[in-house]
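Between the sequences and the hints, there should be enough to build the whole structure, so can you do that?
When the letters of the sequence shown are read in order and numbered with our numbering, they come out as residues 396 to 560.
Warning: the hint list may mix true and false statements.
Claimed, not checked - With a cut-off of at most 27 Å between alpha-carbon atoms, the simulated DSSO-like pairs for lysine-lysine come out as follows: (1) K455 / K514; (2) K450 / K463; (3) K551 / K497; (4) K450 / K492; (5) K514 / K454; (6) K492 / K452; (7) K551 / K452; (8) K463 / K520; (9) K514 / K497; (10) K514 / K463; (11) K409 / K492; (12) K497 / K450; (13) K519 / K463; (14) K551 / K520; (15) K514 / K551; (16) K551 / K450; (17) K409 / K452; (18) K409 / K454; (19) K497 / K409; (20) K452 / K463; (21) K497 / K520; (22) K551 / K492.
Said to hold, decoys possible - Here are the in silico distance ranges between beta carbons for each label pair: (23) S515 / L482: 46 to 54 Å; (24) V438 / K497: 39 to 47 Å; (25) P549 / W424: 41 to 49 Å; (26) R487 / L430: 42 to 50 Å; (27) W427 / Q488: 45 to 53 Å; (28) N546 / D489: 13 to 21 Å; (29) Q488 / A465: 29 to 37 Å; (30) S504 / G431: 22 to 30 Å; (31) R448 / H531: 34 to 42 Å; (32) G431 / K492: 48 to 56 Å; (33) K492 / L430: 49 to 57 Å.
Derived from the structure by calculation, the hints contain no laboratory data. Computed from a prediction, not measured in an experiment: that's the story for all the values here. Don't be surprised by glycine CBs; every beta carbon is placed ideally from N, CA and C.
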Amino acid sequence: MSQIQQQTHALPLKPIHLPADPSAWPLAWGYWGILGAICVVLVIIFITHRSIRNKQKAKKAALQILAKNASHFSVSETQELLRQAALSYFPRQDIAKLTGDKWLSFLDSQLASPRFLAKSDLWKKALYAAGKSSDHTNAELIEDCQHWLNNALPPKRKYRNWNAS
Numbered sequence: 396m397s398q399i400q401q402q403t404h405a406l407p408l409k410p411i412h413l414p415a416d417p418s419a420w421p422l423a424w425g426y427w428g429i430l431g432a433i434c435v436v437l438v439i440i441f442i443t444h445r446s447i448r449n450k451q452k453a454k455k456a457a458l459q460i461l462a463k464n465a466s467h468f469s470v471s472e473t474q475e476l477l478r479q480a481a482l483s484y485f486p487r488q489d490i491a492k493l494t495g496d497k498w499l500s501f502l503d504s505q506l507a508s509p510r511f512l513a514k515s516d517l518w519k520k521a522l523y524a525a526g527k528s529s530d531h532t533n534a535e536l537i538e539d540c541q542h543w544l545n546n547a548l549p550p551k552r553k554y555r556n557w558n559a560s
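Right under this line is the structure:
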């Protein structure tokens, strides 16, 4: 037995060196796919957020102007602001020609519960009467305009010619 022990010691073996631990780079294909999907989702979220913000610009501007100047605005100035906001979202050739009851009917068509045509006489009196209408009436009509700006803009569904049917 001593001979076997001598032979094992006599072998010229080098010390064992373990290989380096595997590194995380390069990443496996699955990780690259996940990173790519995350980037695509982030780009889609950014584009969607920007388009929503751009669609709301005219509405926000009109509401800011109305909030700043509501106490000074006459009913005709409020109607002008409402028309400018509507022209930002709806086709000019359909909106620009509307006056009187047709304009009020259009405004009602964009709301779930109509508010304008029912007050047609108040609108005509406030817009066209020579005498000054009461402050309470003006405040009520201006509040209707503010309600329309908040609830009708931007249009929730694709615009269809409301007068065609």
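Verification of the hints:
Restraint check for K455 and K514: satisfied, since their Cα atoms lie roughly 26 Å apart, inside the 27 Å limit. With a C-alpha separation of about 21 Å, the suggested pair K450 and K463 falls inside the 27 Å cut-off, and the hint holds. For the given pair, K551 sits about 21 Å from K497 by alpha-carbon distance, which is consistent with the 27 Å threshold. Distance restraint check for K450 and K492: the Cα-Cα separation of roughly 23 Å lies within the 27 Å cut-off, and the hinted pair is therefore satisfied.
Between the alpha carbons of K514 and K454 the distance comes to roughly 23 Å, so the proposed pair stays at or under 27 Å and holds. Restraint check for K492 and K452: satisfied, since their Cα atoms lie roughly 24 Å apart, inside the 27 Å limit. A distance of roughly 15 Å separates the Cα atoms of K551 and K452; the hinted pair therefore holds under the 27 Å criterion. Note on K463 and K520: the hinted pairing holds, with a Cα-Cα distance of about 25 Å set against a maximum of 27 Å.
The hinted pair formed by K514 and K497 meets the criterion: a straight-line CA distance of about 13 Å does not exceed 27 Å. Note on K514 and K463: the hinted pairing holds, with a Cα-Cα distance of about 25 Å set against a maximum of 27 Å. Taking the CA atoms of K409 and K492, the gap is about 97 Å. The hint is violated against a cut of 27 Å. With a C-alpha separation of about 25 Å, the suggested pair K497 and K450 falls inside the 27 Å cut-off, and the hint holds.
At most 27 Å may separate the alpha-carbon atoms for a hinted pair to count; K519 and K463 meet this at roughly 25 Å. Distance restraint check for K551 and K520: the Cα-Cα separation of roughly 32 Å exceeds the 27 Å cut-off, and the hinted pair is therefore not satisfied. Straight-line distance between C-alpha atoms of K514 and K551 comes to about 24 Å, which keeps the hinted pair within the 27 Å bound. Restraint check: the Cα-Cα separation between K551 and K450 comes to about 11 Å, which is no more than 27 Å; the hinted pair holds.
Restraint check for K409 and K452: the C-alpha separation of about 76 Å exceeds 27 Å, so the hint is violated. The hinted pair formed by K409 and K454 fails the criterion: a straight-line CA distance of about 80 Å is larger than 27 Å. About 99 Å separates the Cα atoms of K497 and K409, which puts this hinted pair outside 27 Å; it is violated. Distance hint between K452 and K463 is fulfilled; the C-alpha atoms sit about 16 Å from each other, no more than 27 Å.
A C-alpha spacing of about 16 Å is found between K497 and K520, which places the hinted pair at or below 27 Å, so the restraint holds. Between K551 and K492, the direct Cα distance comes to roughly 23 Å. Compliance with the 27 Å bound is thereby established for this hinted pair. At roughly 22 Å, the beta-carbon separation of S515 and L482 lies outside the given 46 to 54 Å, and the hint is violated. With their beta carbons about 44 Å apart, V438 and K497 fall inside the hinted range of 39 to 47 Å.
Taking the beta carbon of each, P549 and W424 are about 42 Å apart, inside 41 to 49 Å as hinted. The given range of 42 to 50 Å is respected by R487 and L430, whose C-beta atoms sit roughly 46 Å from each other. Between W427 and Q488 the beta carbons are some 51 Å apart, a value that agrees with the proposed interval 45 to 53 Å. Between N546 and D489 the beta carbons are some 20 Å apart, a value that agrees with the proposed interval 13 to 21 Å.
In this structure the supplied range 29 to 37 Å holds for Q488 paired with A465, their Cβ-Cβ distance being about 31 Å. At about 45 Å, the beta-carbon gap between S504 and G431 misses the expected band of 22 to 30 Å. Separated by about 36 Å at the C-beta atoms, R448 and H531 satisfy the suggested range of 34 to 42 Å. Evaluation of the 48 to 56 Å hint for G431 and K492 yields a pass: the beta carbon distance comes to about 51 Å.
Our hint of 49 to 57 Å for K492 and L430 holds, since their Cβ atoms are close to 54 Å apart.
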